[in-house]
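S.K.: Numbering (UniProt numbering), first residue to last: 1 to 484.
To be clear, the hints were calculated from the coordinates, so they are not data collected in a lab. For glycine and all other residues, C-beta sits at the position ideal for the given N, C-alpha and C. Watch out, some of these pointers could steer you wrong.
[To be verified] Here are the in silico distance ranges between beta carbons for each label pair: (1) Ser122 - Met431: 23 to 33 Å; (2) Phe259 - Phe91: 25 to 35 Å; (3) Glu35 - Pro354: 12 to 22 Å; (4) Arg289 - Leu435: 39 to 49 Å.
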Amino acid sequence: MSSFDEDASQFKVLIAGGSLVGLGLALAFERAGIEYELFEKGEFATQLGASIGIHPHTIRILEQLGVWKDIEKQVVPLQHRNHYDGNGRCFEESHVLVDIHEILQRPIIFMERCKAVEVLHSHVKDRSKLHARTAVVGYEETLQGVIVTTEDGEQHQGHILIGADGIHSNVRKLMADKISVADQALAKEINEAFTSEYNCIFAISQNDPEKQFLPDAMVHNVYYDNYSAVAAAGVHGLVFWFLFVKDSKLSRTPNCPRFTDDEAEATIQRYGRALVGPGYTLKDLWDARVKGTMVPLEEGVIKQWSHSRVVLMGDSVHKSTVNPGLGGNLAYEGIARLTNGLVPLLKENPMPSPEQLTEVFNKYITGQKPRAETVVDLSGQITRYEAQDTWILKFAARHIVPWVSDKLKAKLYASFSRGGPYLEYLPLPAMDADLAKPVQKPTRGISPKLITVMITGGTAALLWHMHNQKRLLSTFSAFMRQGK
Numbered sequence: 001m002s003s004f005d006e007d008a009s010q011f012k013v014l015i016a017g018g019s020l021v022g023l024g025l026a027l028a029f030e031r032a033g034i035e036y037e038l039f040e041k042g043e044f045a046t047q048l049g050a051s052i053g054i055h056p057h058t059i060r061i062l063e064q065l066g067v068w069k070d071i072e073k074q075v076v077p078l079q080h081r082n083h084y085d086g087n088g089r090c091f092e093e094s095h096v097l098v099d100i101h102e103i104l105q106r107p108i109i110f111m112e113r114c115k116a117v118e119v120l121h122s123h124v125k126d127r128s129k130l131h132a133r134t135a136v137v138g139y140e141e142t143l144q145g146v147i148v149t150t151e152d153g154e155q156h157q158g159h160i161l162i163g164a165d166g167i168h169s170n171v172r173k174l175m176a177d178k179i180s181v182a183d184q185a186l187a188k189e190i191n192e193a194f195t196s197e198y199n200c201i202f203a204i205s206q207n208d209p210e211k212q213f214l215p216d217a218m219v220h221n222v223y224y225d226n227y228s229a230v231a232a233a234g235v236h237g238l239v240f241w242f243l244f245v246k247d248s249k250l251s252r253t254p255n256c257p258r259f260t261d262d263e264a265e266a267t268i269q270r271y272g273r274a275l276v277g278p279g280y281t282l283k284d285l286w287d288a289r290v291k292g293t294m295v296p297l298e299e300g301v302i303k304q305w306s307h308s309r310v311v312l313m314g315d316s317v318h319k320s321t322v323n324p325g326l327g328g329n330l331a332y333e334g335i336a337r338l339t340n341g342l343v344p345l346l347k348e349n350p351m352p353s354p355e356q357l358t359e360v361f362n363k364y365i366t367g368q369k370p371r372a373e374t375v376v377d378l379s380g381q382i383t384r385y386e387a388q389d390t391w392i393l394k395f396a397a398r399h400i401v402p403w404v405s406d407k408l409k410a411k412l413y414a415s416f417s418r419g420g421p422y423l424e425y426l427p428l429p430a431m432d433a434d435l436a437k438p439v440q441k442p443t444r445g446i447s448p449k450l451i452t453v454m455i456t457g458g459t460a461a462l463l464w465h466m467h468n469q470k471r472l473l474s475t476f477s478a479f480m481r482q483g484k
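Working from the sequences, and respecting the hints, build out all of it.
M.R.: Pasting the structure below:
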C-alpha cells in the first residue's frame, strides 16, 4: 500500500474529469481558496459535435465564477420555438423563451460544448493544477486521505476524490470495486444503474447566412412516431441539432451500445429524408455538419453516491436524456450543493475528520438526489413525448400542449429556476440579492415535478404520468384551475 504524507498541511481535493463539471469545480475551489488538482483522460475542449444548453440558474453560478461575460459574447439567446408534425405543419409557435428571459432577466442559450470548456479553462488562474492526458486508473484510501494513481504511473495524494468523469466514469467503477468487497449486490447495482432505450445523433452544422436552415435564436422541434428531432440556432452561423430514435430493445450499463461512424451514416440513410423544419431535412443538416456523433441516451440515478472519501458528481451519478437540456445544469446544481457544504467546513476546520466529510457528502446527496430523480424521470418522459411513444402523448402534443399559455409555462419555469442553488460563499449578482434573505416556504404550491414538466414544454409528460395514475382528465382540470 502507498504511504500518505502526513505532513500535508493543506486540505486538497482531487478531481477526476476535466470537462464542464470538473472545470466548474476547479473554478469554484480556486475562488474559495481550496487546494485541488484535476486529472482529465484526454485533451481539454475536444470537438465531438456536442453542444450544451445553459439555463438561467446555471448562468447565475457562471456569473458568480466570473465566466459568464465571455460565454455571453459567443451566443445568440434563444427566443422562438416552432413545433412541427411529420408533414411539416407547424402546430405550435411558442414564445415561452422570450417570456422566460423577461421574467428572470437571463436567457436560455445553446453553444458548442468545447467552446464552453475553453472559456472555463481560460479562467483557471493556476493551470499547473490541470493535467490533460492523465486518466485516473486507481485509488487507495488511508486514514489520512486518498492516493490516486494515473495512467502514467504517477501517484497524487489528497483528502477527497470527486468523480466528475462522466457517464463512463472510471471513478464510479473503482468505487464499486471497493464496495464489492463487502456488498457485491450494491456494487452490481451501481455498475448497472443506467438503462438506454433511445439513441441519439448529436451534431453541429454550418448555418449559411445566405441560405439558413433556420434563423438565429430559433428552435425547431419535429415529432414523428418513435423518433424526433430538434435544431437550435444558438450561435451565429451554426445549428445544433439532435435526432432521437427509439431502439428495438432496452440495454443496461455497462452493455449499452457504442456506435461507429458507419452506424451513424446508416441511421441518417434511414431517417435522412425526414423534415426538421420548413425546407430542410436531417440529411441536409448531416451534409452540412462540422462534426457529429451517435450515442445511446442513458438514463438513471445510482443508489450510492459516495464511499468513504470518494464522492460522485454529474453524469457519473445521474444521467438524463438530453431533450429538455437539463442534465448539465443539474450537474452545476451539484457543484453548488457540494461546495456550499465543504467551504464553510474548511473555514471552521482546515483538516476535517472523515465523519465531518461524510456529513458534507450526505448533505449534498440529500439536496441533490431528489432533484436528480425528478429531472431524470421527466426528461425521459419528454423524450418519449417528442417521439410520440404512445397515443396519449401524440394527442397531447397536438391538442392540449398548444393551448397551455406561454405565460403560464414561463411562470412555472421561473419557479423551478429560482429554486436552483447558488454559490453561498461568493457574492451574488445585484439582481439576485433577495436570494440571500431567508424566505418563508409557501404552504401551497405546484410540486417540483409539475414545474419541471411544464418548463421543458413537456406538458404531455405530465398527462402521461397522470394517465398512469388513472386520473388524467380530473387532475389536469384541477391543475389548470390552480395555474390561473
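S.K.: Can the suggested window of 25 to 35 Å be confirmed for the beta-carbon pair phenylalanine 259 and phenylalanine 91?
M.R.: Because 32 Å falls inside the window, the suggested range holds.
S.K.: Evaluate the given range 23 to 33 Å for the C-beta pair formed by serine 122 and methionine 431.
M.R.: 25 Å, holds
S.K.: Does the beta carbon distance between glutamate 35 and proline 354 stay inside 12 to 22 Å, or does it fall outside?
M.R.: Roughly 18 Å apart at Cβ, these two residues keep to the hinted range, so it holds.
S.K.: Note whether the CB distance of arginine 289 and leucine 435 lies within 39 to 49 Å or breaks it.
M.R.: 41 Å, holds
Hint check: no violations occur; every hint is consistent with the structure.
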